[in-house]
Each structure stands twice: as structure tokens, then as C-alpha cells.
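Top line first, the protein sequences correspond to chains A and B.
No gaps in the numbering here: position 13 of the first sequence is 13 in this note's numbering, and each next residue is one more.
No gaps in the numbering here: position 58 of the second sequence is 58 in this note's numbering, and each next residue is one more.
No lab work stands behind these hints, which were simulated from the structure alone.
Heads up, none of these hints are tricks.
Heads up, simulated DSS-like pairs for lysine-lysine below, C-alpha to C-alpha not over 30 Å straight-line: (1) A:K41 - B:K101; (2) A:K64 - B:K101; (3) A:K14 - A:K41; (4) A:K55 - A:K66; (5) A:K64 - A:K14; (6) B:K101 - A:K66; (7) B:K73 - A:K41; (8) B:K16 - B:K70; (9) B:K3 - B:K101; (10) A:K20 - A:K64; (11) A:K41 - B:K16; (12) B:K101 - A:K20; (13) B:K70 - B:K3; (14) B:K70 - B:K101; (15) A:K41 - A:K20; (16) B:K3 - A:K55; (17) A:K41 - B:K3; (18) A:K55 - B:K101; (19) A:K14 - A:K55; (20) B:K73 - B:K3; (21) A:K64 - B:K3; (22) A:K66 - B:K3; (23) B:K101 - B:K73.
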Amino acid sequence: GAVVSQHPSRVICKSGTSVKIECRSLDFQATTMFWYRQFPKQSLMLMATSNEGSKATYEQGVEKDKFLINHASLTLSTLTVTSAHPEDSSFYICSARPSGGGSNQPQHFGDGTRLSIL
Amino acid sequence: AQKITQTQPGMFVQEKEAVTLDCTYDTSDQSYGLFWYKQPSSGEMIFLIYQGSYDEQNATEGRYSLNFQKARKSANLVISASQLGDSAMYFCAMRGVSASKIIFGSGTRLSIRP
Chain A
1 GAVVSQHPSR
11 VICKSGTSVK
21 IECRSLDFQA
31 TTMFWYRQFP
41 KQSLMLMATS
51 NEGSKATYEQ
61 GVEKDKFLIN
71 HASLTLSTLT
81 VTSAHPEDSS
91 FYICSARPSG
101 GGSNQPQHFG
111 DGTRLSIL
Chain B
1 AQKITQTQPG
11 MFVQEKEAVT
21 LDCTYDTSDQ
31 SYGLFWYKQP
41 SSGEMIFLIY
51 QGSYDEQNAT
61 EGRYSLNFQK
71 ARKSANLVIS
81 ASQLGDSAMY
91 FCAMRGVSAS
101 KIIFGSGTRL
111 SIRP
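Build the full structure now, drawing on both the sequences and the hints.
This is how it looks when you write it as C-alpha cells:
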């Protein structure tokens, strides 16, 4: 089945560091990928929609300068948390849907990245 | 605007019993899709089942079935013969025709008792 690879799975770093998270679709092309954030015991909150070859679309309240998204190819999107602070600590998870897929195509998720800022 | 509501924050069920997880939704789209995902403690999101708004029959996938009642805007997940490995968070989700993104409900934590 469709596989989405997310790397790294866990990051622990000092406050002020920038952290890059990669999301790759391994066996399909994805014009669009999605980045979610999940706090403990809460639901997934959509942060932004990553569009190949164009700017990402951010959800209301998400700082685009804080969470930089690049979707340079049909199989790779990256999320960079710039100058991370402890309040950015969270579980970040990406997902993708095959390009040209019908509306019944589910989004396939990466395994998530647990980010801890000290 | 689209909205997904899951009113059961947590449920406990005896092993081998059937369980129903509730989900109601609201959308102005005529065409939409409803999904259920399972999230174990390890964090990955596992796709379980899909129901299209124009599908006449309720979706089924193995032990999972979706009780779709369009007029009531509900899409409950039914798990038959529950197993210990079914213990996890379960999220109901929706995608409307006007948007490619999926939005999630708040989730239900299901715990299966041996």
C-alpha cells in the first residue's frame, strides 16, 4: 500500500535551534501534502497545506514565518520550525494523498515526529 | 464550514464485544467523504474505513463497519468482536468536495478489557 516516510521520528534540541522535518511519499506522487500538529491527548490540528511548486496555504493562527514549508518535488515536503522554543514542543505529522486520486482516496500518514525543545 | 464531533472522550469495552464509536458531522457540501483512523500509542495514523456521501451501502472492512445515516449526519464506526489490539485513539474525519484537506474530530480513546 501507499507509504509515507517521515524523518526524523524524534528530535530533542535546545531553544533557538531550527529543526527540519522531512515527509516523503515513497511509492506515489503527491501534488499536495498536509502538515498537522498534535498536542498530548488532543486531536490533529491542520497547520498548512503544502503545494508542489507553489506557496503553502496556512491555516488561521499558524505563523508562516515560524513554520516554513517547502514542497520542491512531487514526493518531498519539508517543515522547518525556525528558532524553536519550548512551546513548539509537540507531535508533528504529515500526510499525503496520491495525485489524481478520487475523493475516496484516504490520506496516508507518516509516523510523526516528536519534537522536544529544551 | 465543516465540523466533526465525537462526543465520547473515552470508552471501555470487554474483549470480544462489539463497540460503536459515535461521530456526527456538519458540512454545506453536497459531496463529501468520511473516514475513520486509528492511532495507537506509538502515534502513527492507520486508515480504517471510508464512506462516500453518495454511497448507498454502508462501508465495511473486515471487523469494521460504518453506520452511515445521512439525514442525521452521523457516521458511527462499529467494531465487531473487539480485540485487545483495538485499544487506541480513534478519529473520525471528513473531506468535502470544496477542499482537499481532511479535518478531524476530537477522538475517542477506546480501551479493551481482557
